[in-house]
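Build out the structure end to end from the sequences listed, making use of the hints.
Protein chains in written order, with this note's numbering: chain A, 1 to 69; chain B, 1 to 364.
Keep in mind the hints are simulated off the structure, nothing from the lab. Note that the structure is predicted; figures quoted are calculated from it, not measured. For each residue, glycine too, the CB sits at the ideal point set by N, CA and C. A couple of the hints might just be wrong.
[Claimed, not checked] Listed next, with one range per pair, are the computed distances between beta-carbon atoms:
no.: 1; chain 1: B; residue 1: I184; chain 2: A; residue 2: E66; range: 40 to 48 angstroms
no.: 2; chain 1: B; residue 1: L83; chain 2: A; residue 2: L10; range: 35 to 43 angstroms
no.: 3; chain 1: B; residue 1: K129; chain 2: A; residue 2: K56; range: 39 to 47 angstroms
no.: 4; chain 1: B; residue 1: P28; chain 2: A; residue 2: L10; range: 47 to 55 angstroms
no.: 5; chain 1: A; residue 1: R63; chain 2: B; residue 2: L83; range: 55 to 63 angstroms
no.: 6; chain 1: B; residue 1: K162; chain 2: A; residue 2: E66; range: 51 to 59 angstroms
no.: 7; chain 1: A; residue 1: K56; chain 2: B; residue 2: K22; range: 28 to 36 angstroms
no.: 8; chain 1: A; residue 1: L10; chain 2: B; residue 2: S15; range: 34 to 42 angstroms
no.: 9; chain 1: A; residue 1: M64; chain 2: B; residue 2: G111; range: 52 to 60 angstroms
no.: 10; chain 1: A; residue 1: L10; chain 2: B; residue 2: K133; range: 33 to 41 angstroms
no.: 11; chain 1: B; residue 1: D5; chain 2: A; residue 2: E13; range: 28 to 36 angstroms
[As the list claims (entries may be wrong)] What the simulated footprint calls covered on chain B by chain A, stretch by stretch (three residues with Cβ under 8 angstroms from a Cβ of chain A suffice, anywhere in the stretch; the number is not a length):
no.: 12; stretch: 15-23
no.: 13; stretch: 59-73
no.: 14; stretch: 117-126
no.: 15; stretch: 145-155
no.: 16; stretch: 193-204
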Amino acid sequence: MCLGIPMKILKIENDRAIVTAGQIRRSIAINMLDRVNLGDYVIVHAGFAIEKIDPKKAEETLRMLEEIQ
Amino acid sequence: MKYIDEFRDNKIARSISRAIFKEAVGLPHINLMEVCGTHTMSIGRFGIKDMLPENISLISGPGCPVCVTPKAYIDKAVALSRLHGTIVVTFGDMMKVPGSYSSLEKEKSKGGLVNLVYSALDAVDIAEKNSDKKIIFLGIGFETTSPTVATSVIYAKKKRLKNFFIYAGHKLIIPAMKALVEDIEVNIHGFLCPAHVSTIIGTMPYNLIAKRYGRPCVIAGFEPLDILQGILMLIEQIRSKKSKVGNQYKRVVKKYGNKKALELIKEVFSPKDSEWRGIGILPQSGLALNKRYNMFDAEASFRLPGIKTRPDTGCICGSVLKGIKTPVDCKLFSKRCTPQTPVGSCMVSSEGTCAAYYKYRMKT
Numbered sequence: 001m002c003l004g005i006p007m008k009i010l011k012i013e014n015d016r017a018i019v020t021a022g023q024i025r026r027s028i029a030i031n032m033l034d035r036v037n038l039g040d041y042v043i044v045h046a047g048f049a050i051e052k053i054d055p056k057k058a059e060e061t062l063r064m065l066e067e068i069q
Numbered sequence: 001m002k003y004i005d006e007f008r009d010n011k012i013a014r015s016i017s018r019a020i021f022k023e024a025v026g027l028p029h030i031n032l033m034e035v036c037g038t039h040t041m042s043i044g045r046f047g048i049k050d051m052l053p054e055n056i057s058l059i060s061g062p063g064c065p066v067c068v069t070p071k072a073y074i075d076k077a078v079a080l081s082r083l084h085g086t087i088v089v090t091f092g093d094m095m096k097v098p099g100s101y102s103s104l105e106k107e108k109s110k111g112g113l114v115n116l117v118y119s120a121l122d123a124v125d126i127a128e129k130n131s132d133k134k135i136i137f138l139g140i141g142f143e144t145t146s147p148t149v150a151t152s153v154i155y156a157k158k159k160r161l162k163n164f165f166i167y168a169g170h171k172l173i174i175p176a177m178k179a180l181v182e183d184i185e186v187n188i189h190g191f192l193c194p195a196h197v198s199t200i201i202g203t204m205p206y207n208l209i210a211k212r213y214g215r216p217c218v219i220a221g222f223e224p225l226d227i228l229q230g231i232l233m234l235i236e237q238i239r240s241k242k243s244k245v246g247n248q249y250k251r252v253v254k255k256y257g258n259k260k261a262l263e264l265i266k267e268v269f270s271p272k273d274s275e276w277r278g279i280g281i282l283p284q285s286g287l288a289l290n291k292r293y294n295m296f297d298a299e300a301s302f303r304l305p306g307i308k309t310r311p312d313t314g315c316i317c318g319s320v321l322k323g324i325k326t327p328v329d330c331k332l333f334s335k336r337c338t339p340q341t342p343v344g345s346c347m348v349s350s351e352g353t354c355a356a357y358y359k360y361r362m363k364t
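Quick look at the structure:
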């Protein structure tokens with residue numbers, strides 16, 4: 001039930017945005033986020049963006065994962 | 001898909017698994033609890049248990065909102081759907097959960113007005129389009145979901161809707177974890193903490209569990225590499241006899257969480273004592289609507305005749321939710337109780353421990 005999908009912001013209109021992932025496209029609420037920009041990735045849960053994904057932190061985590069021996 | 005595929009790399013998964021084996025050498029048997037049902041599903045789907053040494057067990061926790069919703073709640077929801085002029089609106093997972101005498105799915109098949117939605121805001125739309133009906137939305141879910149339901153209440157107020165109601169059954173994760181570590185029957189050495197509940201509440205609240213109760217906590221994402229790294233981080237803490245809050249899911253989870261979402265919850269809801277199916281009443285572990293939103297509170301707005309809730313017989317959901325037993329310990333499991341004919345709620349929800357064990361044929 002707490003599933004959230006990373007989706008990319010395509011269009012912003014007031015407190016709603018159009019997001020996409022793969023073949024899916026959805027209109028979601030973005031009232032929980034301070035600032036979002038086109039191209040940002042957000043976690044989408046039950047029709048709401050609950051947080052932005054920090055691309056730098058994601059890179060750092062991936063680099064750490066690759067270094068685990 | 002971006003931020004999914006790269007966290008499913010098989011080669012990296014194997015090297016993390018090897019690192020876990022190395023780190024666990026010489027340690028006594030360790031029970032790690034994945035608190036959240038979404039973790040349980042991912043662990044089953046990606047065969048994570050097969051990538052761990054014998055002395056590391058993963059135990060499923062109470063973090064499946066549908067599973068912990070008490071029978072009395074379902075009974076009331078069924079009764080609400082039978083009232084004249086009401087439409088009960090819910091997330092899909094709730095439909096099949098058996099109450100004492102019926103389920104919402106059975107009521108719908110008999111012509112009861114029960115609607116499924118993907119988002120709480122869809123319920124507000126239904127209320128706007130059906131001004132002659134009273135819309136009762138079943139507000140269930142943990143901190144990930146409660147701010148979305150809070151938003152629906154605020155929107156309904158702005159739109160001056162008089163026919164929109166919430167039947168609040170929301171739960172909070174930290175009081176449940178606290179109850180687990182205080183339960184002497186429960187034997188957990190560390191917690192793999194939920195990704196998206198933590199997105200809302202942040203890393204700070206887990207300090208209670210890590211510092212006061214000495215159980216290491218690591219927040220991890222839901223992809224297999226996230227889970228494996230989370231397990232590795234927990235074992236590293238246990239090996240070095242530390243107990244702190246680790247954050248594997250830094251790309252999303254912040255120290256103080258999502259402040260706007262927390263404000264939404266606080267605006268609309270306050271903590272209250274709440275019953276968990278199979279576990280009992282846990283202090284301050286649920287959410288009730290604040291007084292100023294009383295007109296949206298289904299419990300305050302609808303009178304229901306007293307309903308006698310029948311206790312579960314033979315079902316050990318409660319012990320499964322606490323991690324004391326596994327589904328294979330239950331004599332009903334995969335015999336009388338299957339996803340098609342669920343007895344307990346852990347088999348109903350797609351994220352329930354029993355459903356995960358059934359689907360992925362997990363053995364321990």
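For each hint, the structure was consulted:
1. Range check, B/I184 to A/E66: about 42 angstroms between beta-carbon atoms, so the 40 to 48 angstroms window is met.
2. Between B/L83 and A/L10 the Cβ separation comes to about 42 angstroms, which falls inside the hinted range of 35 to 43 angstroms.
3. Range check, B/K129 to A/K56: about 44 angstroms between beta-carbon atoms, so the 39 to 47 angstroms window is met.
4. At about 52 angstroms, the CB distance of B/P28 to A/L10 agrees with the hint of 47 to 55 angstroms.
5. Taking the beta carbon of each, A/R63 and B/L83 are about 57 angstroms apart, inside 55 to 63 angstroms as hinted.
6. Under the hint 51 to 59 angstroms, the C-beta atoms of B/K162 and A/E66, about 57 angstroms apart, fit the expected range.
7. With their beta carbons about 29 angstroms apart, A/K56 and B/K22 fall inside the hinted range of 28 to 36 angstroms.
8. Between A/L10 and B/S15 the CB atoms are about 36 angstroms apart, so this pair conforms to the stated range of 34 to 42 angstroms.
9. A hinted range of 52 to 60 angstroms for the beta carbons of A/M64 and B/G111 is consistent with their spacing of about 56 angstroms.
10. Our hint of 33 to 41 angstroms for A/L10 and B/K133 holds, since their Cβ atoms are close to 35 angstroms apart.
11. A C-beta distance of roughly 29 angstroms is found between B/D5 and A/E13, which places it inside the suggested range of 28 to 36 angstroms.
12. Given as covered by chain A, the stretch 15-23 of chain B passes the check, having 4 residues with a CB less than 8 angstroms from a CB of that chain where 3 are the minimum.
13. Check result for the stretch 59-73 of chain B against chain A: holds, 4 residues qualifying (beta carbon to beta carbon below 8 angstroms, three or more required).
14. Closer than 8 angstroms: that is the beta-carbon criterion, and the stretch 117-126 of chain B has 5 residues meeting it against chain A, so the requirement of 3 holds.
15. Figure legend: the stretch 145-155 of chain B, annotated as covered by chain A; annotation consistent (4 residues with Cβ-Cβ distances under 8 angstroms, at least 3 required).
16. Against chain A, the stretch 193-204 of chain B contributes 6 residues with a C-beta closer than 8 angstroms to a partner C-beta. That satisfies the three-residue criterion, and the hint holds.
Hint check: no violations occur; every hint is consistent with the structure.
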